[in-house]
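Asks: Given next are the chains, with one letter for each unit.
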Amino acid sequence: MRYIDEVAIEKIALGAAVLGTGGGGDPYIGKLMAKEAIRKYGPVRLITIDELEDDQLVVPVSGMGAPTVTIEKIPSEHEMTAALEALEKVIGRKVDVVMPIEIGGINSLFPIIAAAKKGLTMLDADAMGRAFPEAQMVTFHLDGYQPSPVTMADEKGNTVVLYPRDGVWAERLARVLTIEMGGSSSVCDYSMLGKQIKTSVIPDTLTLAERIGDYLLDPQLKEQARINKMLEELRGYRLFEGKIVDIERGLNSGFTRGIAKFEGIREDYGKTFTIYFQNEHLVAKEEEKLLCTTPDLITVLDTETGYPITTERMKYGARVAVVAFPCHEKWRTPKGIETAGPRYFGYHFDYIPVEELQKER
Amino acid sequence: MYRLGIDVGGTNTDAALLDNHLQVVHTVKVPTTKDVESGIFNAISKVVKENKIATSSITFAMLGTTHCTNAVVERKRLNKVGVIRIGLPATTSIPSFTDWPHDLREEIEVASTIISGGYEFDGRLISELKKEEVLKFCREVKGTAECIAITGVFAPVNKEQELVVAEWVREELGDIPISLSHEIGSIGFLERENATIINAALRKTGKMIVDGFAEALKELDIKAEMYFSQNDGTLMNESYALRYPILTMGCGPTNSIRGSAHLSGLQDAIVLDVGGTTSDIGVLSNGFPRQSSLSVNIGGVNTNFRMPDILSIGLGGGTHIRETKDDFTIGPDSVGYKITQKAILFGGDELTASDIVTRLGHAFEDYKEQVEHLPASFCKQVFSKMTEMLEDAIDQMKTSSKETPLILSGGGSIIVPHMLKGISNVIRPDHYGAANAIGAALGQVSGEIERSYSLDQMSREEAIEDARKLATEEAIRAGADKSTISIVSVEDIPLAYLPGNALFIRIKAVGDLISIST
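Going down the list, the protein sequences come from chains A and B. Residue numbers in the first sequence follow our numbering, run continuously in steps of one, and reach 361 at the last position. Residue numbers in the second sequence follow our numbering, run continuously in steps of one, and reach 518 at the last position.
Incorrect hints may have been included.
[Stated by the list, open to error] Listed next, the stretches of chain A that the computed footprint assigns to chain B, with coverage defined by at least 3 CB atoms under 8 Å from CB atoms of chain B: (1) 66–77; (2) 151–161.
[What the hints assert, rightly or not] Restricting the straight-line Cα-Cα distance to at most 35 Å, the calculated cross-link-like pairs of lysine-lysine (DSBU-like) are: (3) A:K156 with B:K131; (4) B:K136 with A:K40; (5) A:K359 with A:K315; (6) A:K271 with B:K380; (7) A:K315 with B:K482; (8) A:K118 with B:K131; (9) B:K325 with B:K421; (10) B:K159 with B:K207; (11) B:K130 with A:K89; (12) A:K40 with B:K76; (13) A:K271 with A:K359; (14) B:K130 with B:K159; (15) A:K271 with B:K385; (16) A:K261 with B:K402; (17) A:K156 with B:K142; (18) B:K402 with A:K359; (19) A:K40 with A:K89; (20) B:K338 with B:K380; (21) B:K142 with B:K80; (22) A:K40 with B:K130; (23) B:K136 with A:K156; (24) B:K342 with A:K222; (25) A:K289 with B:K421.
Derived by calculation from the structure, the hints in this document are not laboratory data. Note that this is a predicted model, so its numbers are computed, not measured. The C-beta atom is built at its ideal place from N, Cα and C for all residues, glycine as well.
Chain A with its partners taken away, still in its complex shape (with noise of 0.2 Å):
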């Protein structure tokens, strides 16, 4: 059992933005959210998956919408408990632990301004490992766990309760919801016991994103130092570096899909690279040789500071560099690529992992 503070937010917030792959909204505001409702409340008890108590209630908390819409409207304080609550009062029963069910941007830091305000434990775990766009891709969807019920809030005082047949229906549901809400909505889903949540979330994800976020904040290190040093602690590869040539940004079913182009910089002199995304960067190639595919992690850094760029401020003449890290195993068996493997987005190819893709170069 430890305490999160102000500085492992700070940390926590980059690191999450990392493992945001480009997508789950810009961690600053959520930064911002935190450190006040720290200030506020106070430090919030964050427990690893060993200290939880096998009936303890776990709920996740989380933001759905729009990174543009959560940039522009900051969310009030009232949302980030009204889901929590709502749900408290379906179920009949007191919360123990809240989660995210997200670690990749934004929603790392959400579950966190819920537990200070509440007085709530936090767990050192997500059902995700990085960040994806819909509801039911998380662990608790391959384990065969139900989301409802699912409990909504917004700003203006509205909460809904819905009891979805499954993730798929969830995501659906909650789509249309959120869209009415303005945009963005507080969600609570896979409330569960905690001996089924020990056995179903990626554990110490957290604590992962706060060393990711430590490396990368060290000012003792050069850029270079912190990506290594980041790479080595993911078991993770440099893709290559390059600068932005080209970058493409179209509409499909609610969606920014787009493409980016490179042109090589440095030892990548000379050759073309290429990003697909769907608000999260799902492809890499080295002309039409696959280097990475979803469901692994690909992550565009800024070579200057070696900070993480999300796909909205991803521009025409940016020198970055692109790494890869391996995905929880989770998603490498057949249900997990069904559910975000490449195929699931639309490509006409199977998953290969990155460390083999890797080791063909």
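With chain A held as given, fit chain B onto it using these hints.
Replies: Positioned in the frame of chain A, the structure of chain B alone reads:
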């Protein structure tokens, strides 16, 4: 007919005189003074006297200045601001001034409130405005607040509520200066709110710039129209500058790039400004500096303000070269402005980049003997390493492997070789020392529009066309001649997770100053 450009820098205040055809007639340099105004006065009177032109023949006077940046960084001459945020019940999780340096907040904030109102991304209301909330706040800050900053959620999409609230503020507080966020920034609430507050706090400074410049011109009997440089390389007129003093921030590097562009006659090039300590590399694209994508921090505050994309490396004319056991190091420290005492070629005892190029016969012909004792082979090694550093940095700024021209400016540019990898030709224009002031004098004005469109009612093309029209109107409002206006950038970003209907568009229009082309 002439136009006059002034650039107030940290060390020098430069003035440049351009004729009707925008040819540089004369440039001067004087030390920047503590009060800034007398430096401006000195520079203008010097350039006018040395060139002996009739003051009545100057029709335009343009000023680029660091006043506002200094005011924020030094926390001086800032106005007390009452801060109104429109967005209740949203936005409460991050109050105004969160993440500001404590001392700056102390200096600026009178009181802050969040009132009911704000829009959703699609233009619906978050909640109705309540007049009583506005009046109550006004009564609280009456007598203490010198300016009011108003920021509404999604105001860049719909400015209506900000205008209504401003009207109510005037009812209670009379003719108080008001900064409205939709006039200052784009989507990105906190950064826009920060910029709006800073803009309000700069009222006094803005007035001082305008009055000071007017005063200097009047004393010298120059009846020119005044313009002020913005960070994006365009100008604004007096009334714009009074309302948006924040937009004068960071115009120095932009003017330098624009000035270099003009002197060389190029529209697309890499611009390398070598000073005593650093080399600053910028990119000229379409006649304007390429903007950085990172949000800019002003005096410790994050803003949505954009600045030119500049890469600085620690290599300048005064950069220290040190021999090690069997190698050497270059910088990053420098003897700086003390180069004329400390460098070996000037009789000092510190080896600098300038000594290396002098030994190799590239510069300072007259001081050759001073450095003759340096081994030529060593100097060649150092020089090729310096060249490599420059080439590497230039390459990082380029957007394609195609060879590009390079325009040099700055006193330290003697250290740059005549040929560089990836560069088609190296250009050293005349008057390159005053590129900033020349950049200021180049009269173009712009209008920019940033807003979200709902594509349910119109096509993407129609939305972009509407934005083009609005940007053009903005440019005309800023003083541009309609017939010269062209659209220099179009950017559209679909709002993720919102099915098929929301598109954010940012468009910028640029044109010549109206009275020049007619």
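Asks: With reference to the structure, classify each hint as holding or not holding.
Replies: Hint-by-hint comparison with the structure:
Remark: the stretch 66–77 of chain A is confirmed as covered by chain B, as 11 of its residues place a Cβ nearer than 8 Å to a Cβ of that chain, reaching the required three. Counting residues of the stretch 151–161 of chain A whose C-beta sits closer than 8 Å to any C-beta of chain B gives 3, which meets the bar of three, so the coverage hint holds. Between K156 of chain A and K131 of chain B, the direct Cα distance comes to roughly 19 Å. Compliance with the 35 Å bound is thereby established for this hinted pair. Taking the CA atoms of K136 of chain B and K40 of chain A, the gap is near 26 Å; set against the 35 Å cutoff, the hint holds.
Between K359 of chain A and K315 of chain A the alpha-carbon distance is near 31 Å, which keeps this suggested pair within the 35 Å criterion. Restraint check: the Cα-Cα separation between K271 of chain A and K380 of chain B comes to about 32 Å, which is no more than 35 Å; the hinted pair holds. For the hint pairing K315 of chain A with K482 of chain B, the CA-to-CA distance comes to about 30 Å; that is within 35 Å, so the pair holds. Note on K118 of chain A and K131 of chain B: the hinted pairing holds, with a Cα-Cα distance of about 34 Å set against a maximum of 35 Å.
Distance restraint check for K325 of chain B and K421 of chain B: the Cα-Cα separation of roughly 30 Å lies within the 35 Å cut-off, and the hinted pair is therefore satisfied. Proximity of K159 of chain B to K207 of chain B is assessed by CA-CA distance (about 26 Å); at most 35 Å being required, the pair is judged to hold. Annotation: proposed proximity of K130 of chain B to K89 of chain A holds, straight-line Cα distance about 33 Å (limit 35 Å). About 31 Å separates the Cα atoms of K40 of chain A and K76 of chain B, which keeps this hinted pair within 35 Å; it holds.
A hinted pair counts as satisfied when its Cα atoms are at most 35 Å apart, and K271 of chain A with K359 of chain A qualifies at roughly 19 Å. Using a Cα cut-off of 35 Å, the hinted pair K130 of chain B and K159 of chain B holds, with the two alpha carbons roughly 16 Å apart. Note on K271 of chain A and K385 of chain B: the hinted pairing holds, with a Cα-Cα distance of about 25 Å set against a maximum of 35 Å. Proposed proximity of K261 of chain A and K402 of chain B is supported: the alpha carbons are some 16 Å apart, at most 35 Å.
Restraint check: the Cα-Cα separation between K156 of chain A and K142 of chain B comes to about 31 Å, which is no more than 35 Å; the hinted pair holds. This hinted pair checks out: K402 of chain B and K359 of chain A have alpha carbons roughly 32 Å apart, not beyond 35 Å. Proposed proximity of K40 of chain A and K89 of chain A is supported: the alpha carbons are some 26 Å apart, at most 35 Å. The suggested pairing of K338 of chain B with K380 of chain B holds, with an alpha-carbon distance near 25 Å, which does not exceed 35 Å.
For the proposed pair K142 of chain B and K80 of chain B, the alpha carbon gap of about 11 Å is at most 35 Å, so the pair holds. Restraint check for K40 of chain A and K130 of chain B: satisfied, since their Cα atoms lie roughly 28 Å apart, inside the 35 Å limit. For a cut-off of 35 Å, the pair hint linking K136 of chain B to K156 of chain A stands: about 23 Å separates their Cα positions. Taking the CA atoms of K342 of chain B and K222 of chain A, the gap is near 31 Å; set against the 35 Å cutoff, the hint holds.
With a C-alpha separation of about 29 Å, the suggested pairing of K289 of chain A with K421 of chain B holds against the 35 Å cut-off.
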